[in-house]
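If you use my numbering, the sequence shown closes out at 1627, no skipped numbers anywhere.
Take these hints with a grain of salt, some might be off.
[What the hints assert, rightly or not] Computed spacing ranges between beta-carbons, pair by pair:
(1) S1582 with S1531: 24 to 34 Å
(2) D1314 with D1480: 12 to 22 Å
(3) A1186 with V1418: 36 to 46 Å
(4) C1536 with H1598: 27 to 37 Å
(5) N1205 with Y1504: 56 to 66 Å
(6) K1588 with N1419: 38 to 48 Å
(7) I1620 with M1519: 46 to 56 Å
(8) Y1192 with T1278: 23 to 33 Å
These are computed hints drawn from the structure, not numbers from a lab. Just so you know, even glycine gets a beta-carbon here, dropped at the ideal spot from N, CA and C.
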Amino acid sequence: MKEMQTDRLSNKRFRNHISIIVEQTGGLLIALLIVLIPSMLENIDELMETGLEFMDGKWLLVNMGLILFFLIVIALQIAIWSKTYISVQDNAVVIERNTLNKKKNTIGIRNISNINTEQNLFEMLMGTCKVKLDTNSRSTADSTDVKIVLKKADALAFKQEVTRRIRDAETGSGRGVSAQAAGTPGDDLREAGLVSVGDAAETEDYDVRSDFADILQHGFFSVNILSVAVIILGIAGAAGTVFRVVGNPDAAQSLIGAASGIIVAVLIVVSALWDTVKDFVRYYDFRAKRRGDKIYIRYGFFKKVEYTVPVNKIQALKLRQSFVARLGKRYMAEIVNVGMGDDSEEKNSFLILYSTEAKLDEKLAVLLPEFLDAAGAEVERQPSSVWAAWAFPAVIYTIIVAVCAAVCASAMPEYSVWAVAGTSVLEVCLVVGMILKYLTEGSLAEKDFLKLAKGYFARSYLVVRYRNIQYVRFSRNPLAKAFGIQKGEIHLLASSADTSHSIPYFKGNGEEIIKEGMLR
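Throw the hints in and build the complete structure from the sequences for me.
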C-alpha cells in the first residue's frame, strides 16, 4: 500500500486534497460573520420587533451581495484547485497552475532547506496533513515557500520521497527516480521516528521529551506580564459595565444596547488570556532528538507540528529569558534558520523549553553539541565608557522632549503642569532604560563564534558561528571614537525578525576577530 502511495506521488502530477478549499475560504467566512454579527446586535431591538422582515429592501441586497461574493470566491478556489498540479521530478518539485494566468514554480531539490509537516484541528478531522517546503532564500524567508495539503499517508510518503532525493543530491549518489527502489516508503520515516504504525504512537524514544510538569514550567516562565495586566483590567472593566447596566431601571434594554461593547471587551480579554496560556498547550508533548546531521522536533495539541532540521542549515542558536525566567534563572533555546518559525503564526523556533541552566546544557549536549561550549560562555559587559557614547543621543533626545513640552505649555498654558510631568516621566524612562541596557547587554568574540546579549527586563543571547554571518558593519559616533569603543551589526540568512542583530559597544580587537573568522 505504501509503495503504491509513494509511486503515485513520484514523477506523476497530483493535486492538493480538496479540503484545502475549505481551509482557504474558512477565514473569509469567519471575517464575514465578524462583520455581520456586531451589526445585527446593534439593531437587535428592530430585529426582534420585525422578525424576518429585516431581510427586505437594503438588507436583502446586502445579504445577497455577501452570499454571492462568498460563492464567487469558492468557485474561484475550486477552479484554481482543479487546475493546480504538483509533481516530484528528477531534481525539483514542480507546482503548475494552468488557469488563465499560468504559473510554474520549480524548486530545486538542492535548494530545499526544510521539509516539515503540520496538522491543525480541521486537518486531524479530515485525515489530511500539510507539508511545508522552504528554500535557502532571503526573499522568501518570512513565509513558507510551498504548502501542500494531502491525505496523511500521502503527505508522509511525499516527505519521504523528497527527503530521499535531497539526500541523494547531497551525496551525489544519483540512485534514480524510482520510489520503489528506495525500499518501503515508510522505512526512512520510521528510522527517524516520524511515522506512526496504525493508531499507535512511535516506538522509538526521543532524546528529549517534556512531560506535563515541563510544559507547565515553560508556560509559567513564558507568561507575558503585559497580557496579565490587560486581562485584569479587561475583567474589571467588563464587570463594572455589567454592574452599571444591571443597576439601570431599563436593564434588559441597556444590556442589549451594550452587547457589542461587551463582546469587544470579552474578545480583548480572551486574546490576552490566550497570549498568556498559549504556551501551556502549544508545546504539548514536546519532543526532540538528534539523528546524524538532522534534528527532529514535534509538538502540539490543537496543531501538531513536525520539523526536520538539517544541522548545517542552522544559522545561530538563541537563548531567551523572559523577565519572569530571568528572576527564576531559567533559559530556553531556539534555533535560527530558514524554514522553521518563519510563518506569522509561528514566530518562535523552539529547540529546548524553559529549564535550569544545568538541564539546558544537558539537553543541548544531545541535540546541538556544536553550540554547547559557546552557549555556556560568559559575555563581556559593555565598557564603562559607553556612557559617554550614549550621552550624545541622550542629549538630543532630551532637547527634543523639552522643546515639545515647551511648545505644548505655551499653546495650552492650562496643561503646562502635565507637560512638565510628561517630560519628567520620559526622562526617567530614558535613564532607567540606559541603566538596564548597560546591565544586560554585552558581547564575546571567541575564535570560532560570536555571542551577543541584549535586552532590558528580559534578556536574549545569540550564538553564531562566523561562517554563517552574511556581512557585518561597524560604526561609532565622535565620542565613542574618542574613547576607543565601537558597535556593530551582523546579518544572517533568516526571516526578517532574525536577519539583523546589533553588536553592543565593545573595546579591543573584536572587529579583527570577527572579520578573520568570516574569512576562514
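Checked hints:
1. S1582 with S1531: 24 to 34 Å: 32 Å, holds
2. D1314 with D1480: 12 to 22 Å: 19 Å, holds
3. A1186 with V1418: 36 to 46 Å: 42 Å, holds
4. C1536 with H1598: 27 to 37 Å: For H1598 against C1536, whose Cβ atoms are near 30 Å apart, the range 27 to 37 Å holds.
5. N1205 with Y1504: 56 to 66 Å: Holds: the Cβ-Cβ distance is about 58 Å, inside 56 to 66 Å.
6. K1588 with N1419: 38 to 48 Å: 39 Å, holds
7. I1620 with M1519: 46 to 56 Å: Between I1620 and M1519, where Cβ atoms are some 55 Å apart, the hint holds.
8. Y1192 with T1278: 23 to 33 Å: 29 Å, holds
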